[in-house]
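The whole structure should be built from the sequences, with the hints applied where relevant.
Chains as they are written, first to last, in the numbering used here: chain P, 1 to 540; chain Z, 1 to 540.
Be careful, since some hints might not be right.
To be verified - Some but not every residue of chain Z turned toward chain P, in silico, with C-beta under 10 angstroms:
hint : residue
1    : A161
2    : D178
3    : T248
4    : I520
Think of the hints as simulated: they come from the structure by calculation, not from any bench. All C-beta atoms in this analysis are idealised placements derived from N, C-alpha and C, irrespective of residue type, glycine included.
Protein chains: 2
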Amino acid sequence: MSPTSGTADTAGSRETALPTVAMRRPRWGDPNDPGHLPDAARLLATRDEPDPGVDPTGVEVSPSTIPAAVRAVIENVVGAENLTVAAAERVQHTRGFSTPDLLRLRAGDVTDAPDAVVFPGSHDEVAAVLALCAEHRIALVPFTGGTSVVGGLAPDRRGFAGVLCLDLRRMNRLIELDEVSRTATLEAGMRATEAESALAARGFTLGHFPQSYAGAGIGGYAATRSAGQSSAGYGRFDEMVEGLTLATPRGTLTLGTAPKSAAGPDLRQLVLGSEGTLGVITAVRVRVHPVPTARLFTGWRFESFDAGAHALRRLAQDGPLPTVLRLSDETETALNLADPGKLGGDASGCLAITGFEGNDADVRWRHDAAAAVLTDCGATPLGPEPGEAWRTGRFRGPYLRDPLLDAGVLVETLETVTFWSGLAELRTTVTAALTDTLTASGTPPLVMCHISHVYHSGASLYFTVAAPFGDDPLADWAAAKSAANSAIRAAGASITHHHAVGRDHRDAYHDEIGAVGVEIINAVKRAVDPDGICNPGILI
Amino acid sequence: MSPTSGTADTAGSRETALPTVAMRRPRWGDPNDPGHLPDAARLLATRDEPDPGVDPTGVEVSPSTIPAAVRAVIENVVGAENLTVAAAERVQHTRGFSTPDLLRLRAGDVTDAPDAVVFPGSHDEVAAVLALCAEHRIALVPFTGGTSVVGGLAPDRRGFAGVLCLDLRRMNRLIELDEVSRTATLEAGMRATEAESALAARGFTLGHFPQSYAGAGIGGYAATRSAGQSSAGYGRFDEMVEGLTLATPRGTLTLGTAPKSAAGPDLRQLVLGSEGTLGVITAVRVRVHPVPTARLFTGWRFESFDAGAHALRRLAQDGPLPTVLRLSDETETALNLADPGKLGGDASGCLAITGFEGNDADVRWRHDAAAAVLTDCGATPLGPEPGEAWRTGRFRGPYLRDPLLDAGVLVETLETVTFWSGLAELRTTVTAALTDTLTASGTPPLVMCHISHVYHSGASLYFTVAAPFGDDPLADWAAAKSAANSAIRAAGASITHHHAVGRDHRDAYHDEIGAVGVEIINAVKRAVDPDGICNPGILI
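Structural data, given as structure tokens:
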């Protein structure tokens, strides 16, 4: 239980769970290290032989609607080698990684493929491409990791000459590391793994590790308000951003004279979460931290979810906060544990994980003080083993979706966030909405839930749903998702904690911010994007 | 040095430094407990006999330009007793509390007096008054504590039929206390003292104690992004706000479904800092905390400001953070200490204050850990006496301005914020700008500086300037302030950390956010306030 029982965290060990080969659609993660169907999921399988569906790399896409003359002027900006209409690249940039996105791709549906993909090399090139798109009425979708699960990469092409995907991958420099202020200025096209590697070489880390870490990019983190598994310790991405640069069709917006200021509204918080609708984020200045020298991850068992939630609330409100703090409900606990017997003789109860990172003294004090709170709240300590098991497997969750879909199991996630006083009721109503709807469709689901992000006043709820394929899995999920959205909004909760709005949450988002809120977003968009070319149909 | 050496904090002891009688312009604070000229300031006095200037309550104001018929329809909304054109009330609502504001009032200049003052009783009444003002082209300035020091209460009346001051003081209810989520929903017209009293009666505190606490109001805190002396422990006001309601001429904006969310841009952060230009904030949902049961305030001496700043940075970046953390430069240290000899035999060096609030174990651990860091950075411990002296006197600073002005001493403050790597240079250049300009005017100043708000990546700098009156103190200060603003912007720092923009910082603010930023603010304003009646001339 002492901090020294944890291994010192190093840049090397951080990356053991990450792919060594770039992901290729539609499958998640390292092609050399694919996911395997978990035993528990075999009960839901509807096929004896796995069926991966159509290979999208062989699917024909419709001819690019962007005129060759327009492509030529864009090529003049970025270089001919940095614009492509090749089918393979267009398919690789089609939609994101939601289960509906994957189901459509497995069915050979590439109707949302962009008409071309451009790879600009600098902020100025991005700005120039934006101006050309405005001039020629071409919709533009910014792309970094492409891991959207809310339809954020499938703009509405109606009224446009075509859709241009702007992939920022060439813009992957660590522009500046300010070791005194502990900030790093990163080009937005850096993959998360590239950013961590570059920072680790200088002794620093962002501390931002969402489950999408293997694929996600810095610009996407910022545009969607990503939250990582270590949010309790390092904050959400929107809390890490101290400055940013946004290229808009009407010029460049440069923000961030100081960490905090009273100079008017905080426009950084207007750009964060704008999901490409106001322009293209080309760089961010973010907080960084020394790579921790000590860590300790341990597991805890609670009799019930509510008892565990109460304990998490005490840590969030009175401290000390771990770096990682999570609580699984009974179903998730039972399914995710290799050996549920470890939870105290039977499979009942709820598993919580606490993770502490920092220096040795800090980790020791925080762990011991948090352990006292958890014990006082009725938790049974399970020691480092479940904590380390979670830590080493924490990026593997998305690897399971492909083998599940191969086996004919519908699997998807959704998430929300509310105040502590409404959390238990929210979990009940969303679970019921998902269960009832999919049961009515003839595909009774398993619904799992966890808390993985806590705040002074509230917490997130993350749901994972698995159900056998029915006749029309897309329609079945659409009905279940709609029912969950309604339950979330009826409870007054937010439609998304960290997945963002995209197209899938647009109606619920409008309900959430109201008519005046929508008009404000529209007014800002008209001001910086009068032709409406920036990711049309997303958010608003 | 043990936490128990501090007295338990109670609601009663919190308020000992606060006025028992409402402030009356132009003098700050409790009329029964006025400020007295400090000995050190007598060196700068230019008068043998104090001269308080003109009594503004006796000054004649120009007739109200709001037609009686329009006043009558507003009275239909709020009740005839809740609208006044009485000269005394109009003078009480004239401008704010900057030194130029006070100098003008002392000279009998009440040209910015609003044409009427209205006291709405509810959000719906505010909304109705906004609609009537839009219909009749009357400029509206929201008013809670009236403590602006940046000209935020003096809208530009050009093109309007008149200026209506909307004083929210009747809207002073604690609407809801959510003890589970630890949030309180407060009507925006609550004075800070009223909010703390109402919360203390239930065992809670906001933890927001700016130097303006004796006069400030909740709506003003939100509209201007106030920061309190305990910001290290409880955060800035813009970090405390989880939800808010804004009445605009185009309808009501209600925000805050959750503490944090990925549902688009964070529109709360667009309203916070909008300074009345987008409408009237009528309620906020804010974080609250149990009234602390233990506290410990101690003093520390550093050889130099840079050594102290380095120590503060270590606490801000690696922890543990005190609840209060401040560092005075040599001049402020020497002038503010009753007995400079306490700093170790001579008056040299810089005084830092650390304050810890919480429960006993937490205060003890944080204090001891912070003390180790400070000692490691070369600090000499001075014990609780300077800490308690600062704590008990912390709201007295503004009381000194009136006797200083009476004695013919120009005294004013300004503040900025930047990243740690630029802090030392910023302090040097701003100090030089103030010193050089006022010396050139023939009124060589004392310039003091302190750090009172620290963040992971940077910190604020707060300057206090005192100089003998020259022939034209208003012009002398305008020149000094302009030079300071230029130095701040040349350093790339923010024009204000917590005083806000108002009219005084407008040009520098535009430089800070750039043309695209200004256009965004303008676009939002056009959307919610198409007639431009909301605090015109402020911010933009």
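Notebook entry, point to check: Hint check: is the beta carbon of A161/Z less than 10 angstroms from a beta carbon of chain P?
Noted result: violated, 26 angstroms
Checklist line | Hint check: 10 angstroms Cβ-Cβ cutoff, I520/Z to chain P | finding: The hint holds - I520/Z has a Cβ within 10 angstroms of chain P, the shortest such distance being about 5 angstroms.
Margin query: Given a cut of 10 angstroms on the nearest C-beta pair, is the interface hint for T248/Z held or broken against chain P?
Written below: Hint on T248/Z: holds, closest Cβ of chain P at ~6 angstroms, below 10 angstroms.
Notebook entry, point to check: Given D178/Z as an interface hint, is the shortest Cβ-Cβ distance to chain P below 10 angstroms?
Noted result: With a minimum Cβ separation of about 5 angstroms from chain P (threshold 10 angstroms), the hint on D178/Z holds.
In this structure, the one hint that does not hold is number 1.
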